[in-house]
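Between the sequences and the hints, there should be enough to build the whole structure, so can you do that?
So the sequence lines, in the order shown, correspond to chains A and B.
Every letter in the first sequence is one number past the one before it in my numbering, and letter 31, counting from 1, is 31.
Every letter in the second sequence is one number past the one before it in my numbering, and letter 112, counting from 1, is 112.
Keep in mind that a hint or two might mislead.
Unchecked claim - Once the Cα atoms are required to be at most 30 Å apart in a straight line, the calculated DSSO-like pairs of lysine-lysine come out as:
id	chain 1	residue 1	chain 2	residue 2
1	A	Lys132	A	Lys109
2	B	Lys200	A	Lys132
3	B	Lys69	B	Lys55
4	B	Lys140	A	Lys109
5	A	Lys132	B	Lys56
6	B	Lys189	B	Lys69
7	B	Lys148	A	Lys72
8	A	Lys132	B	Lys148
9	A	Lys132	B	Lys55
10	A	Lys68	A	Lys3
11	B	Lys199	B	Lys148
These aren't lab readings, by the way, just hints derived from the structure by calculation.
Bear in mind the structure is a predicted one, so any value in this text is a computation, not a measurement.
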Amino acid sequence: MSKNIINIKDLSFVFEDGYRGLNHISLSIDQGEFIILAGKNGSGKTTFLKHLNGLLMPTSGLIRVNGKDISKHLVETRRTVGMVFQDPDTQMVGDTVFDEVAFGPENLKLTRARINETVTRILKTLNLYHLKDRNPSTLSGGEKRKVAIAGILAMDPEVIVFDEPFSNLDYPGILQVITTILGLNRSGQTIMIATHDIEPVIFEATRMMIMENGSIMEDGGPLNLVHRLESYGVREPCFSKFGLEPASWQK
Amino acid sequence: MAEITLFTYRPGVSILHLLDTRLKFFIICLISMSLMSAGIISCCFYFFILLFFIKKTGLHFFSILNHIKLFLMLLFFIFLARTVTMEGGFPFYGLTLSEQGFMEGAMTAFKFFLVMLTGLLFSSTTRPSSVKAAVQWFLKPVPFVPEKRVGVMISLALCFLPVILRQAEEVSDARNARCGHLQKNPVRKAMGLVLPLLKKTFLSADHLVLAMESRCYSDDRTDPEFNPSGRESAFLLGSIAASICFVFF
Numbered sequence: 001m002s003k004n005i006i007n008i009k010d011l012s013f014v015f016e017d018g019y020r021g022l023n024h025i026s027l028s029i030d031q032g033e034f035i036i037l038a039g040k041n042g043s044g045k046t047t048f049l050k051h052l053n054g055l056l057m058p059t060s061g062l063i064r065v066n067g068k069d070i071s072k073h074l075v076e077t078r079r080t081v082g083m084v085f086q087d088p089d090t091q092m093v094g095d096t097v098f099d100e101v102a103f104g105p106e107n108l109k110l111t112r113a114r115i116n117e118t119v120t121r122i123l124k125t126l127n128l129y130h131l132k133d134r135n136p137s138t139l140s141g142g143e144k145r146k147v148a149i150a151g152i153l154a155m156d157p158e159v160i161v162f163d164e165p166f167s168n169l170d171y172p173g174i175l176q177v178i179t180t181i182l183g184l185n186r187s188g189q190t191i192m193i194a195t196h197d198i199e200p201v202i203f204e205a206t207r208m209m210i211m212e213n214g215s216i217m218e219d220g221g222p223l224n225l226v227h228r229l230e231s232y233g234v235r236e237p238c239f240s241k242f243g244l245e246p247a248s249w250q251k
Numbered sequence: 001m002a003e004i005t006l007f008t009y010r011p012g013v014s015i016l017h018l019l020d021t022r023l024k025f026f027i028i029c030l031i032s033m034s035l036m037s038a039g040i041i042s043c044c045f046y047f048f049i050l051l052f053f054i055k056k057t058g059l060h061f062f063s064i065l066n067h068i069k070l071f072l073m074l075l076f077f078i079f080l081a082r083t084v085t086m087e088g089g090f091p092f093y094g095l096t097l098s099e100q101g102f103m104e105g106a107m108t109a110f111k112f113f114l115v116m117l118t119g120l121l122f123s124s125t126t127r128p129s130s131v132k133a134a135v136q137w138f139l140k141p142v143p144f145v146p147e148k149r150v151g152v153m154i155s156l157a158l159c160f161l162p163v164i165l166r167q168a169e170e171v172s173d174a175r176n177a178r179c180g181h182l183q184k185n186p187v188r189k190a191m192g193l194v195l196p197l198l199k200k201t202f203l204s205a206d207h208l209v210l211a212m213e214s215r216c217y218s219d220d221r222t223d224p225e226f227n228p229s230g231r232e233s234a235f236l237l238g239s240i241a242a243s244i245c246f247v248f249f
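Spelled out as structure tokens, the structure:
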């Protein structure tokens, strides 16, 4: 039986201006799951992800990560649930790829020897080691996204949440990111991807949630829910529309 | 992709790349100050040393000259200003021209040029993170200065600059695509560029804060490390000797 990592009970969030971002969400996430969080723009996907990383705190309800209330164990939560943001350009802190990946471990006050060892290992795993001295702003879109993932991996998280990981990427960039994400999932990482373009990952996903107006409207097997996507403003994948068999995007 | 300028760090394994950044900082200050009182022989000698290191680090002297055209123009104006303001020369339309003024102007411009080349060698062989680490190290003994925070701020400024430049270019292109270039009023033209750019910059800063927070940012972080190459003593002695020569010759 898989270990339960995240447990959410009756989560609601109201913004300062009174807009209700999340509505009574209750769910649990197990280790090793690959979850697609689908929904049109403004449905509450990013707001939900920010709660998992402790960047936003619930107005009401409870989120437990590994059984611990996130509001009381913030650093542990952020170590356990890493978040990769939509725009890698505005989340790069280091002036070289190596320094960018080392930023998280430095915040955790790991020893310099351990930081160097961890960063080197992760860069080699993601085939980024040859770029270690490059300025992140000079990389391609796919490479930047991989560096952002490496920066999260350096903190050794159990869950990685991705906010629109395929936005602004060309086809090779999407393939690079998919290959990286699938490799992580196969090595035991729990993955959650918030996207309105589910085509690239639906074949590999084990679960799909569809959000609308801050609520989880559907939660189940991805292939069972594909026909309902368009009623929530999300494009149905081509294979499903044309009655074809689903196929992986990974080469 | 962001543009790489001449002043951007270029990875390498030359002796200048491997030298401890704190020492490089010290040498650059020492040499720049002593150069101001150096004579023509010392300046020429230092120029050849710089040429040697430029070659060693893989830079091309003529490419450097091409990149710093604007700076060379500024040096030319400095040269002109010195040449025509020296007292004792023969009058020429209200200005005074003299051989001494010409020499003084040429020397001043040459010294600024040498300082510029020294800075360029420093920036192209020093990782920005090492600059940050060195600043942090120098500030450590200064009371009431949060050196780690200053270090992170320097790092953020260095990596945010290309993002802001790119955004400025995007805003400018978006305006020009709608014939913004026809706007002749310089104030309205500047406002049209500055306001959207500021908005974008603040939004990006907001995103950056969130990204840093999500990775557990705090002032209490692992200290930077320095990896001396072992040739620091030789460089220190050499630069002190050179500075003494500059002052006396």
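Comparing the hints with the structure gives:
1. A:Lys132 <-> A:Lys109: Roughly 21 Å separates the two Cα atoms, so the pair holds.
2. B:Lys200 <-> A:Lys132: holds, 29 Å
3. B:Lys69 <-> B:Lys55: holds, 20 Å
4. B:Lys140 <-> A:Lys109: Cα-Cα ~18 Å, so holds.
5. A:Lys132 <-> B:Lys56: holds, 22 Å
6. B:Lys189 <-> B:Lys69: Holds - the C-alpha atoms of Lys69 of chain B and Lys189 of chain B are around 27 Å apart, at most 30 Å.
7. B:Lys148 <-> A:Lys72: holds, 26 Å
8. A:Lys132 <-> B:Lys148: holds, 23 Å
9. A:Lys132 <-> B:Lys55: Holds, at roughly 24 Å.
10. A:Lys68 <-> A:Lys3: At roughly 14 Å apart (the allowed maximum being 30 Å), Lys3 of chain A and Lys68 of chain A satisfy the hint.
11. B:Lys199 <-> B:Lys148: The hint holds at about 28 Å.
In summary, the structure agrees with every hint in the numbered list given earlier.
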